[in-house]
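> In the order they appear, the protein sequences are chains U and P. To convert, take the position in the first sequence, counting from 1, and add 59; that gives this note's numbering. To convert, take the position in the second sequence, counting from 1, and add 2; that gives this note's numbering.
Where hints are given, some of them may not hold.
Claimed, not checked - Coverage of chain U stretches by chain P, computed from C-beta distances (three or more under 8 Å per stretch; other residues unrestricted):
no., stretch
1, 102 to 113
2, 164 to 171
Stated by the list, open to error - If you want the ones that stay clear, here's a sample from chain P, every Cβ over 12 Å from chain U, calculated:
no., residue
3, G18
4, S54
5, K61
6, T64
7, S75
8, T79
Worth flagging that the hints you see were computed from the coordinates, not collected in a lab. In this text, a Cβ means the ideal position worked out from N, Cα and C, and glycines have one as well.
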Amino acid sequence: DTGVSQDPRHKITKRGQNVTFRCDPISEHNRLYWYRQTLGQGPEFLTYFQNEAQLEKSRLLSDRFSAERPKGSFSTLEIQRTEQGDSAMYLCAGLDRGRTGELFFGEGSRLTVL
Amino acid sequence: GQQVMQIPQYQHVQEGEDFTTYCNSSTTLSNIQWYKQRPGGHPVFLIQLVKSGEVKKQKRLTFQFGEAKKNSSLHITATQTTDVGTYFCAGGSSNTGKLIFGQGTTLQVKP
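With the rest of the complex left out, here is chain U (with noise of 0.2 Å):
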């Protein structure tokens, strides 16, 4: 058990809508990284926060993508509008203060746009 809770584990919705998933690092976690993987590929980085500044968003996110961390606590992503091509798993990992190094990365919320 990493400490990293995301909610929820499932999605599925149709085309066009919005969703939005949560992520719950632990306290010792000041950086919060957000990643989407598809089927046989790595992890593909999409944004960081230290606290609850958002300090880098990959260039490859649509603006139909947003993320906050308010509090520097739980980080949300949402995802607007939402294609076909968004179907992925979305993985949120916590990285502890003051460290390089091992990712804690939560269980992951699964999207499914039909």
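Position chain P relative to chain U; hints supplied.
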């Protein structure tokens, strides 16, 4: 941008045989990490290598970081069925902690 490539994509071995996966980066890395993902699971950290030419061992697993800090390998001696899964290497940034993952090598072990 930085790219991390892994080969092979798949490997099927008989239990007891050895296994190696290779990782190459398009740029020099500050560190490299290895993760294992079981089917239906999430990536789990195995190890981090930081120094040029570094070699680390964990029981039957041996990890190497190349002299130029652009490649790495993971070798498993005498595979067991519990080794089944996908092994990812990931190039790390010492500033941001961000990781760029390879495509992974999926290991199947026949008992």
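> A separate judgement is required for each hint: does it hold in the structure or not?
Evaluated hints:
1. Under the rule that three or more residues need a Cβ within less than 8 Å of chain P, the assignment of the stretch 102 to 113 of chain U holds, with 4 such residues.
2. Taking a C-beta to C-beta cut-off of 8 Å, the stretch 164 to 171 of chain U contributes 4 residues in contact with chain P, enough for the three needed, and the coverage statement holds.
3. Under the 12 Å C-beta cut-off, the non-interface status given to G18 (chain P) relative to chain U holds; the minimum distance is some 27 Å.
4. At roughly 17 Å from the closest C-beta of chain U, the C-beta of S54 (chain P) stays outside 12 Å, upholding its exclusion from the interface.
5. Its beta-carbon lying about 18 Å from the closest one in chain U, K61 (chain P) satisfies the requirement of being farther than 12 Å from that chain.
6. At roughly 19 Å from the closest C-beta of chain U, the C-beta of T64 (chain P) stays outside 12 Å, upholding its exclusion from the interface.
7. For S75 (chain P), the shortest C-beta to C-beta distance to chain U comes to about 17 Å, beyond the 12 Å cut-off, and the non-interface label holds.
8. Every CB of chain U lies more than 12 Å from the CB of T79 (chain P), the least distance being 24 Å, so the non-interface label holds.
Figure legend: structure checked against the earlier numbered hints; every hint is met.
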